[in-house]
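Below are the chains, spelled out letter by letter.
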Amino acid sequence: MTQNIYHQEQHRIDTLGRSSIEISQTLHTAVSSAGVVSGLCHVFIHHTSASLMICENAASEVRDDLESFFSRLIPDGDPLFSHIDEGADDMPAHIRSVLTQTELSIPVIAGRLALGTWQGVYLWEHRTSPHLRDISMTIHGLGA
Amino acid sequence: MTQNIYHQEQHRIDTLGRSSIEISQTLHTAVSSAGVVSGLCHVFIHHTSASLMICENAASEVRDDLESFFSRLIPDGDPLFSHIDEGADDMPAHIRSVLTQTELSIPVIAGRLALGTWQGVYLWEHRTSPHLRDISMTIHGLGA
Amino acid sequence: MTQNIYHQEQHRIDTLGRSSIEISQTLHTAVSSAGVVSGLCHVFIHHTSASLMICENAASEVRDDLESFFSRLIPDGDPLFSHIDEGADDMPAHIRSVLTQTELSIPVIAGRLALGTWQGVYLWEHRTSPHLRDISMTIHGLGA
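Just so you know, the protein sequences line up as chains H, F and W, in that order. For the first sequence, the positions run 1 to 144 when my numbering is used. For the second sequence, the positions run 1001 to 1144 when my numbering is used. For the third sequence, the positions run 2001 to 2144 when my numbering is used.
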């Protein structure tokens, strides 16, 4: 009988302050370890001022422009905000997280993480200073 | 052999009009009932003018500021909108829903809903008047 | 013993340029084929300049207004953008994708895709010219 798998891994990622870090390879490696042939790879970030996104992985200017766009849309130190005791970048970080993703599921097809050719998975740190960020992966599906 | 579980629950939630309501405890309780040790807890809202979000759960000003930010970004009664027959807050409610989440999956690790320390799950009512909102939970994974 | 199912399908969808196309029926049909009674239907788009959304399915002005809102929020040809070699609509298409969804899971309850009465699932093409877009569905859960 085909085996049903739920494989979980936790990883801690060091960020350099506001910017996005590609984590696709971490997911690819976890999918290989899980032994799932058909299923899904779920990733979750346990924070509210950093988030996840799937974004174009070829031209780095795309992520620079995303950073510019979000900085203009949600300015640090906006006088609209009352939650300011953790810094001018804190409330913008929460809003950026709400507007992007805290969790994602990506198909596993024929034993491989089935991202599109131009898709990368990124952890997006929204605070200006470096942080340690915890993510959990759950790869589930049918094994061989 | 380890049992594979898909446990489903439906809940109806009374909202007070535009504001967010924490539903983390509803999810924690459903996870306990499900008996899943390793897996995922999925929650879905069956509406297009209310949504879900994971947000900071300590300082209530964070959610006040989110409300202010979204109200400024998507003004009620904006003359841009042609869909106005259900009220000045209706089209903004649809846009807020599209910009946030209709569904979320959160890992279940060692039998517990693995939210980060500062993460809460919220139902966000975007209409100005109170509504009844239906959510469905699907907790799936391996049992004991 | 109840059968555990992971049913996967790939579909290619022809878009007409910037606009949204309802794909709810494609999901309903896949759920019927899968034979899942209790579980989830996951859909994933393998691109970074087209996305998915759950939106009101009755009044077509809702999606017209969404288009107007996103066009005003993220103007084509904005001088803020440095990634311009693929056209004035390319960077806005990436931002629109990041602000909406690349993947969605919808509950399957009693063998049916459990969308709310007014919910439709849409593929949203963000480029101005027509494209071929690949989606993958994974329907998983317990069978009869």
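The set of hints was computed from the structure by calculation and includes no laboratory data. Bear in mind the structure is a predicted one, so any value in this text is a computation, not a measurement. Virtual Cβ for every residue (Gly too), placed ideally from N, Cα, C. Hints should not be assumed to be uniformly reliable.
Said to hold, decoys possible - Distance windows between CB atoms, simulated:
#1 D2085/W to G1143/F: 36 to 42 angstroms
#2 G2035/W to G77/H: 54 to 60 angstroms
#3 G1087/F to A2144/W: 41 to 47 angstroms
#4 P2079/W to D1014/F: 44 to 50 angstroms
Stated by the list, open to error - A partial selection of chain W residues facing chain H, derived with a Cβ cut-off under 8 angstroms:
#5 T2002
#6 Y2006
#7 H2047
#8 S2082
#9 T2102
#10 S2105
#11 T2138
#12 L2142
Hint check:
1. For D2085/W and G1143/F, the Cβ-Cβ distance of about 53 angstroms falls outside the hinted range of 36 to 42 angstroms, so the restraint is violated.
2. In this structure the hint that G2035/W and G77/H lie 54 to 60 angstroms apart at CB holds, the actual value being about 55 angstroms.
3. Taking 41 to 47 angstroms as the suggested C-beta distance range, the pair G1087/F and A2144/W conforms, at roughly 44 angstroms.
4. Between P2079/W and D1014/F the CB atoms are about 47 angstroms apart, so this pair conforms to the stated range of 44 to 50 angstroms.
5. About 11 angstroms separates the beta-carbon of T2002/W from the nearest beta-carbon of chain H, more than 8 angstroms, and the hint is not met.
6. A hinted interface residue such as Y2006/W counts as satisfied when its beta carbon comes closer than 8 angstroms to some beta carbon of chain H; here the least separation is about 5 angstroms, so the hint holds.
7. Interface hint status for H2047/W: upheld, as the beta-carbon distance to the closest one in chain H is roughly 6 angstroms, under 8 angstroms.
8. Restraint check, S2082/W versus chain H: the minimum CB separation of about 5 angstroms is within 8 angstroms; hint holds.
9. The interface hint given for T2102/W is met, as the beta carbon of that residue sits about 5 angstroms from the closest beta carbon of chain H, less than 8 angstroms.
10. For S2105/W, the interface hint holds, the least distance from its beta-carbon to any beta-carbon of chain H being 6 angstroms, beneath 8 angstroms.
11. Taking 8 angstroms as the C-beta contact cut-off toward chain H, the hint placing T2138/W at the interface holds, the least distance being around 5 angstroms.
12. The criterion of a C-beta within 8 angstroms of any C-beta in chain H is not met by L2142/W, whose closest approach is roughly 11 angstroms, and the hint is violated.
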